[in-house]
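Enquirer: The residues making up each chain are set out below.
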Amino acid sequence: GNSVTQMEGPVTLSEEAFLTINCTYTATGYPSLFWYVQYPGEGLQLLLKATKADDKGSNKGFEATYRKETTSFHLEKGSVQVSDSAVYFCALSDPNSGYSTLTFGKGTMLLVSP
Amino acid sequence: DAGVTQSPTHLIKTRGQQVTLRCSPKSGHDTVSWYQQALGQGPQFIFQYYEEEERQRGNFPDRFSGHQFPNYSSELNVNALLLGDSALYLCASSRTQSGNTIYFGEGSWLTVV
Chain A
1 GNSVTQMEGP VTLSEEAFLT INCTYTATGY PSLFWYVQYP GEGLQLLLKA TKADDKGSNK
61 GFEATYRKET TSFHLEKGSV QVSDSAVYFC ALSDPNSGYS TLTFGKGTML LVSP
Chain B
1 DAGVTQSPTH LIKTRGQQVT LRCSPKSGHD TVSWYQQALG QGPQFIFQYY EEEERQRGNF
61 PDRFSGHQFP NYSSELNVNA LLLGDSALYL CASSRTQSGN TIYFGEGSWL TVV
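Residue numbers (my numbering), protein chains in the order written: chain A, 1 to 114; chain B, 1 to 113.
Please keep in mind that the hints were generated in silico from the structure rather than gathered at the bench.
Just to be clear, a hint being listed does not mean it is correct.
[Unchecked claim] Label pairs and their calculated CB-CB ranges:
hint: 1; chain 1: B; residue 1: Leu82; chain 2: A; residue 2: Gly41; range: 21 to 29 Å
hint: 2; chain 1: A; residue 1: Ser83; chain 2: B; residue 2: His67; range: 34 to 42 Å
hint: 3; chain 1: B; residue 1: His67; chain 2: A; residue 2: Glu16; range: 44 to 52 Å
hint: 4; chain 1: A; residue 1: Thr70; chain 2: B; residue 2: Leu82; range: 34 to 42 Å
Quick caveat: nothing in here was measured; it's all calculated off a predicted structure.
All C-beta atoms in this analysis are idealised placements derived from N, C-alpha and C, irrespective of residue type, glycine included.
So here's chain B without its partners, still in its complex pose (with noise of 0.2 Å):
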C-alpha cells in the first residue's frame, strides 16, 4: 500500500516564476492538505481539498492556489514566485471523518534564486 507520494523531490526556481507541485493521497483517502515548512520552522497549514473543493485555507496570498481531482490527487501552484517562498511543501492525506490519522509525504524542496 503506496503511502502519500509527492513530485517533484527538489526543483529551483526563478523569483517571478511559477511552480506546480504534485501530491498522489494515500489510498482510501479522500482529502488533502498542503503545508509549508521553512528551514528551521514548524511546518504551516497552506489549505485542505476535499471533493475538489477547497474546505479551509491558513494564512497564505492568493499567489498560493490549489486543486483537487477527481481521483482524490491534488496539485499545490505557487505565482510570482518571492525568495521567501523557499521551502519543503508537504502534503498530507486523511479519511475525512475528523479524529482521523494525517499522514505526510516525503515533500518538495522548492528553492527559489
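Okay, chain A solo, but in the shape it has when bound (with noise of 0.2 Å):
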C-alpha cells in the first residue's frame, strides 16, 4: 500500500536559518505529492504540490522537488521566520485510486525562535 515517511521532529531553528524537512513516500503508481501546513488550533492549509517527476512545487519562499529516483519530496526554505511556526505535513494522492484520496505522514512539527 501506500505509505509517507517524515522526519521526526520538533525541528528547532533561528530565524532565518536554513530549513529541510525530509520526505519519502512509497506507491504503487505515479503519485502526486503534497506538503500541508497546520497552525495551531487550526486545519490544513495546502502549501504546494507536485503531479510528476521532477516538478518543483514552491509557495512563500518554500519548494519542494519530486524525485521519482529516490522517492522523495523534501521541503526546503532558504530563511525561516517565526511566523513559519506550525506542523508540516507530506502527503500524496494515488491516480490508480481515481478518486482524490490523501495518504499522509505524521508531521514535523517547526518552532522558529527570534
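Using the hints, put the two standalone chains together into the complex.
Expert: See below:
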C-alpha cells in the first residue's frame, strides 16, 4: 500500500536559518505529492504540490522537488521566520485509485525562535 | 467565496454516545472526504462521498458512517463512542476529477470522556 515517511520533529531553528524537512514515499503508481501546513488550533492548508517527476512546487518561499529516483519530496526554505512555526505534513494522492484521497505522513513540527 | 466549513468546532461526548459532525464543501466542489487526526498524528482517511454515495472507505469500523446531501454537504456519524475516537475530524472537499486540489476545513475537535 501507499505510505509516507517524514523526519521526526520537533525541528528547532533560529530565525533566518535554512530549513529542510525530509519526506519519502512508497506508492504503487505515480502519485501526486503535497505539503500541507497546520498552524496551532487550525485545519490543514495546502502549501505546495507537484504532480509528476522533476516538478518543483513552490509557495511563500518554500520549495520541494518531486524526485522519482529517490522517491522523495523534501521541503526546503532558505530563511525561516517565526511565523513559519507550525506542523508540516507530507502527503500523496495515488491516481491509480481514481479518486482524490490523501495518504499523510505523521507530521513534523517546526519551531522558529527570534 | 467561503471555503470548507465545519460544525461544531468543539464538542465533548460520553463513551457509548453517538455524535454527528457536519460539513459544507467549498463552492463548486462535489466530493467530500472525512479524515480523523489523532493528537500528534497525521490525518487518516475515513471515507469519501460523491453523488450521495460512499465511493471509497478507509480502514475504519462500521461505527463510522456518513451521508451526503443533494447540495453536496455531508455528515459524519460515529456510534458507540470510544475513548480512542477522541480526535480532530477534518472534512475535505474537491471536484471529482482526479488531480484537483483538495481543500480542508478547520475541523471539529471531539473529546470522548
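Enquirer: Now tell me, hint by hint, if it's right for this structure.
Expert: Quick rundown of the hints versus the structure:
1. Leu82/B x Gly41/A: 21 to 29 Å: holds, 24 Å
2. Ser83/A x His67/B: 34 to 42 Å: holds, 39 Å
3. His67/B x Glu16/A: 44 to 52 Å: Given a distance of about 49 Å, which is inside 44 to 52 Å, the answer is holds.
4. Thr70/A x Leu82/B: 34 to 42 Å: Given range 34 to 42 Å: holds, Cβ gap about 40 Å.
The structure agrees with every numbered hint stated previously.
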